[in-house]
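Visitor: Letter by letter, the chains look like this.
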Amino acid sequence: PAALPPAPLGFTDVNLNSRNTYEVSRRRSAPEHLPHGGTAPAEPAPPPQEPAERGRHRVGIAGAGSSFAEFFTRNFFTKRTKELKPAVQSAPGWKLFGKVPPRENLPKDSKIIQQEYEARTGRMCKPPPPSARRKNIEFEPLSTTALILEDRPANLPAKSVEEALRHRQEYDEMVAEAKKREIKEAHKRKKIMRERFKQEENIASAMVIWVNEILPNWEGMRATRRVRELWWQGLPPSVRGKVWSLAVGNELNITPELYEIFLSRAKERWKSFSETSSENDTEDAGASVADREASLELIKLDISRTFPSLYIFQKGGPYHDLLHSVLGAYTCYRPDVGYVQGMSFIAAVLILNLEEADAFIAFANLLNKPCQLAFFRVDHSMMLKYFAAFEVFFEENLPKLFLHFKSYSLTPDIYLIDWIFTLYSKSLPLDLACRVWDVFCRDGEEFLFRTGLGILRLYEDILLQMDFIHIAQFLTKLPEDITSEKLFSCIAAIQMQNSNKKWAQVFASLMKDNKEGDKNHSPAPKS
Amino acid sequence: MQKHNQKEHLYKLLVIGDLGVGKTSIIKRYVHQNFSPHYRATIGVDFALKVLNWDAETVVRLQLWDIAGQERFGNMTRVYYREAMGAFIVFDVTRPATFEAVTKWKEDLDSKLVLPNGKPVPTVLLANKCDQGIDVLMNNGIKMDQFCKENGFVGWFETSAKENININEASRCLVKHIIASESDPVQSIEPDIIKPHLNSSKIVSCSACFKS
Numbered sequence: 138p139a140a141l142p143p144a145p146l147g148f149t150d151v152n153l154n155s156r157n158t159y160e161v162s163r164r165r166s167a168p169e170h171l172p173h174g175g176t177a178p179a180e181p182a183p184p185p186q187e188p189a190e191r192g193r194h195r196v197g198i199a200g201a202g203s204s205f206a207e208f209f210t211r212n213f214f215t216k217r218t219k220e221l222k223p224a225v226q227s228a229p230g231w232k233l234f235g236k237v238p239p240r241e242n243l244p245k246d247s248k249i250i251q252q253e254y255e256a257r258t259g260r261m262c263k264p265p266p267p268s269a270r271r272k273n274i275e276f277e278p279l280s281t282t283a284l285i286l287e288d289r290p291a292n293l294p295a296k297s298v299e300e301a302l303r304h305r306q307e308y309d310e311m312v313a314e315a316k317k318r319e320i321k322e323a324h325k326r327k328k329i330m331r332e333r334f335k336q337e338e339n340i341a342s343a344m345v346i347w348v349n350e351i352l353p354n355w356e357g358m359r360a361t362r363r364v365r366e367l368w369w370q371g372l373p374p375s376v377r378g379k380v381w382s383l384a385v386g387n388e389l390n391i392t393p394e395l396y397e398i399f400l401s402r403a404k405e406r407w408k409s410f411s412e413t414s415s416e417n418d419t420e421d422a423g424a425s426v427a428d429r430e431a432s433l434e435l436i437k438l439d440i441s442r443t444f445p446s447l448y449i450f451q452k453g454g455p456y457h458d459l460l461h462s463v464l465g466a467y468t469c470y471r472p473d474v475g476y477v478q479g480m481s482f483i484a485a486v487l488i489l490n491l492e493e494a495d496a497f498i499a500f501a502n503l504l505n506k507p508c509q510l511a512f513f514r515v516d517h518s519m520m521l522k523y524f525a526a527f528e529v530f531f532e533e534n535l536p537k538l539f540l541h542f543k544s545y546s547l548t549p550d551i552y553l554i555d556w557i558f559t560l561y562s563k564s565l566p567l568d569l570a571c572r573v574w575d576v577f578c579r580d581g582e583e584f585l586f587r588t589g590l591g592i593l594r595l596y597e598d599i600l601l602q603m604d605f606i607h608i609a610q611f612l613t614k615l616p617e618d619i620t621s622e623k624l625f626s627c628i629a630a631i632q633m634q635n636s637n638k639k640w641a642q643v644f645a646s647l648m649k650d651n652k653e654g655d656k657n658h659s660p661a662p663k664s
Numbered sequence: 008m009q010k011h012n013q014k015e016h017l018y019k020l021l022v023i024g025d026l027g028v029g030k031t032s033i034i035k036r037y038v039h040q041n042f043s044p045h046y047r048a049t050i051g052v053d054f055a056l057k058v059l060n061w062d063a064e065t066v067v068r069l070q071l072w073d074i075a076g077q078e079r080f081g082n083m084t085r086v087y088y089r090e091a092m093g094a095f096i097v098f099d100v101t102r103p104a105t106f107e108a109v110t111k112w113k114e115d116l117d118s119k120l121v122l123p124n125g126k127p128v129p130t131v132l133l134a135n136k137c138d139q140g141i142d143v144l145m146n147n148g149i150k151m152d153q154f155c156k157e158n159g160f161v162g163w164f165e166t167s168a169k170e171n172i173n174i175n176e177a178s179r180c181l182v183k184h185i186i187a188s189e190s191d192p193v194q195s196i197e198p199d200i201i202k203p204h205l206n207s208s209k210i211v212s213c214s215a216c217f218k219s
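Line by line, the protein sequences give chains U and Z.
Residue numbers for the first sequence follow our numbering, so the first one is 138 and each next one is one higher.
Residue numbers for the second sequence follow our numbering, so the first one is 8 and each next one is one higher.
These are computed hints drawn from the structure, not numbers from a lab.
You may find that some hints are simply not true.
Said to hold, decoys possible - Each computed DSS-like pair below joins lysine-lysine, with the alpha-carbon atoms no more than 30 Å apart: (1) U:K543 - Z:K57; (2) U:K522 - Z:K19; (3) Z:K35 - U:K614; (4) U:K614 - Z:K57; (5) Z:K111 - U:K437; (6) Z:K19 - U:K537; (7) U:K452 - Z:K35; (8) U:K614 - Z:K169; (9) U:K614 - Z:K113; (10) U:K543 - U:K452; (11) Z:K113 - U:K437; (12) U:K639 - U:K506.
To be verified - Just so you have them, the derived chain Z footprint on chain U, three or more residues with Cβ under 8 Å: (13) 555 to 569; (14) 608 to 622.
As the list claims (entries may be wrong) - Derived CB-CB ranges, DEER-like: (15) U:Q610 - Z:E78: 24 to 34 Å; (16) Z:F42 - U:Q610: 12 to 22 Å; (17) Z:E170 - U:P472: 35 to 45 Å; (18) Z:K150 - U:E394: 47 to 57 Å; (19) U:Q610 - Z:A187: 25 to 35 Å; (20) Z:L59 - U:A313: 50 to 60 Å; (21) U:T361 - Z:E78: 16 to 26 Å; (22) U:H607 - Z:E170: 27 to 37 Å; (23) Z:N41 - U:H607: 15 to 25 Å; (24) Z:L56 - U:V345: 50 to 60 Å; (25) U:D618 - Z:A63: 39 to 49 Å; (26) Z:E78 - U:H324: 57 to 67 Å; (27) U:K649 - Z:A63: 53 to 63 Å.
Just so it is clear, the structure is predicted and the values come from calculations on it, not from any experiment.
For glycine and all other residues, C-beta sits at the position ideal for the given N, C-alpha and C.
Let the sequences and hints guide you as you build the complete structure.
Guide: In structure tokens:
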């Protein structure tokens, strides 16, 4: 019975979702209330359920006061039938489960929804406001037991007046304290909610700009200052794949049909591979076939080791076959490159953001960029040029850390290989990696190295305290709590200018040096 | 290096072998005492540090270099061999091809790395995933001791990172041989253990020379 709210309200999903989780867990904890709620689609909006919880809670505590509880429950049910209708009418679409009949006032302003929602959560989470209910129960914090108020059992002497008064006072203090705490928490929740809404509104408005203004005029607008700035903020997830595709381009002119051809070729190969898996056959066919089949086996081994924590690329997972297909088709399309470790991560990120054929097209074109081609062909001398260029900017931007690394002979290949091969998708949290990809699509290879310097800058103080093995361990397994705000402000602070030379110029001059003579430029190994 | 009469040794160890044989799992088991079937593929190199209280006077710090197994990375990852004092070569008992690659890994290692005394670095062979039952060693009828002798391994162990079998033992064996080789009297004066000239025909450019 999951009728999702219609599109105009889509951007409030997060809150609705979190709200809904709460509801579900509450239902689990109080299954006996389910039958009363009727069938799922007709289930009432949750707020009226709350008193039932409270009532039940009280029964547990008060023990003897069952008649009160009964009264209360009865009261609650009559109350609910009264409350049910207006609740549904006033808040269309805020309910995730159950049918929400279409209404003329459907495209509601998000602010109104927010206010209504907040009012509702207010009623849900805060102690009951001074309302009709107050007549029935005094304010009672959820966590206190109120036993202190109870009179002693009849077979014991009654409390003295002073004692009763003291208890009363202590109880009041406890209640006041708890009330303060809960109000504080409610404020905090409200603040978080407000921030989240703001963030969502930003995303929603950015999305509108991307969809309505930028994408229809892509070539004319992509390089404008306004678009570039908006781009830096991160692409809204709904247009991310599209923008990546456009930015990466399709120099190779791959069509979805071409993808199908290479995919069917890959499938034939898998079939014959699994049929004749005995080793003797492959040896006859020569090294190239053996290599290719080795490639197929490598893909199989690596797929399950791609984002294992997401459980979607593993065998039996929803994207397992898809990842297999894209990588397999690529090895048929580019036998000269074949499958190289790291590719599975890149293909996986694309699959998460694009349709199958589009993911393949973006994958093949992305890997065809000079930097990616150099790395995935393991062109070692080219890779060393990239590392050397990186070090030029490393020294320029972070001279202290640069010397620290030098003193341990800690070279960029120790940490950059993983970062560049997987485009940070393995070392950074996935959402953050996607933001790096956003700007990588905007700025090209330079941004990959700039990101690396941003990471070093972010952790400079920590790294300066570490020795070789700890730095190496740290950089090959970055902290998981890294946030995009902090990282991107560090990346922004990295200057990609070296005595007026930009990345491309520095790189080009290193390439030129290479041609003029290697000997002058190979430093003696330090031990 | 020393705290009163306590000696401290720092050894760099390589862990090499074909892709997916369980190098990372062995290291995680050894260093962190845990196992997960869901490790991510290693790209380039990963690191770990293990400290052993070898005996009353000696502390051994092991720097473990977990090197990506894909053959293609060859030229790139061989740079990481520099200054290593010992190595594990790992294969997967359920995949015969990974055992066939063992001699290739060993030859490659010996061609690029020798100890100051001119000898090959002590290397232990690990037959990993032995918990999975399929015993390629028995099936092929290979006498492992003989194999080790012929190929210059100082020892071999059937290991399981999953079931924690023989990993500590294998490490002790390797460290024992490293300590023994260190006290070998035939010491070379040349501290640089890289001998690029030996294999200049094999590698186009000596990658190590670019390093500093």
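Visitor: Against each hint, give a clear statement of whether it holds in the structure.
Guide: Hint check results:
1. U:K543 - Z:K57: holds (24 Å)
2. U:K522 - Z:K19: holds (27 Å)
3. Z:K35 - U:K614: holds (13 Å)
4. U:K614 - Z:K57: holds (17 Å)
5. Z:K111 - U:K437: Holds, because 23 Å separates the two Cα atoms, which is no more than 30 Å.
6. Z:K19 - U:K537: holds (26 Å)
7. U:K452 - Z:K35: Distance ~23 Å between K452 of chain U and K35 of chain Z Cα, so the pair holds.
8. U:K614 - Z:K169: holds (22 Å)
9. U:K614 - Z:K113: OK: K614 of chain U and K113 of chain Z at ~29 Å, within 30 Å.
10. U:K543 - U:K452: Violated, because 43 Å separates the two Cα atoms, which is more than 30 Å.
11. Z:K113 - U:K437: Judged against 30 Å, a Cα distance of about 26 Å means the pair holds.
12. U:K639 - U:K506: Judged against 30 Å, a Cα distance of about 19 Å means the pair holds.
13. 555 to 569: That given contact holds, which follows from 4 residues of the stretch 555 to 569 of chain U lying within Cβ reach (below 8 Å) of chain Z.
14. 608 to 622: holds (count 4)
15. U:Q610 - Z:E78: 24 to 34 Å: Given range 24 to 34 Å: holds, Cβ gap about 26 Å.
16. Z:F42 - U:Q610: 12 to 22 Å: Holds: the Cβ-Cβ distance is about 19 Å, inside 12 to 22 Å.
17. Z:E170 - U:P472: 35 to 45 Å: For P472 of chain U against E170 of chain Z, whose Cβ atoms are near 40 Å apart, the range 35 to 45 Å holds.
18. Z:K150 - U:E394: 47 to 57 Å: Given range 47 to 57 Å: holds, Cβ gap about 56 Å.
19. U:Q610 - Z:A187: 25 to 35 Å: This hint holds: roughly 29 Å between Cβ atoms.
20. Z:L59 - U:A313: 50 to 60 Å: At 58 Å between Cβs, range holds.
21. U:T361 - Z:E78: 16 to 26 Å: About 46 Å separates the Cβ atoms of T361 of chain U and E78 of chain Z, which means 16 to 26 Å is violated.
22. U:H607 - Z:E170: 27 to 37 Å: Given a distance of about 30 Å, which is inside 27 to 37 Å, the answer is holds.
23. Z:N41 - U:H607: 15 to 25 Å: holds (20 Å)
24. Z:L56 - U:V345: 50 to 60 Å: holds (51 Å)
25. U:D618 - Z:A63: 39 to 49 Å: holds (41 Å)
26. Z:E78 - U:H324: 57 to 67 Å: Hint holds: Cβ distance 60 Å, inside 57 to 67 Å.
27. U:K649 - Z:A63: 53 to 63 Å: This hint holds: roughly 59 Å between Cβ atoms.
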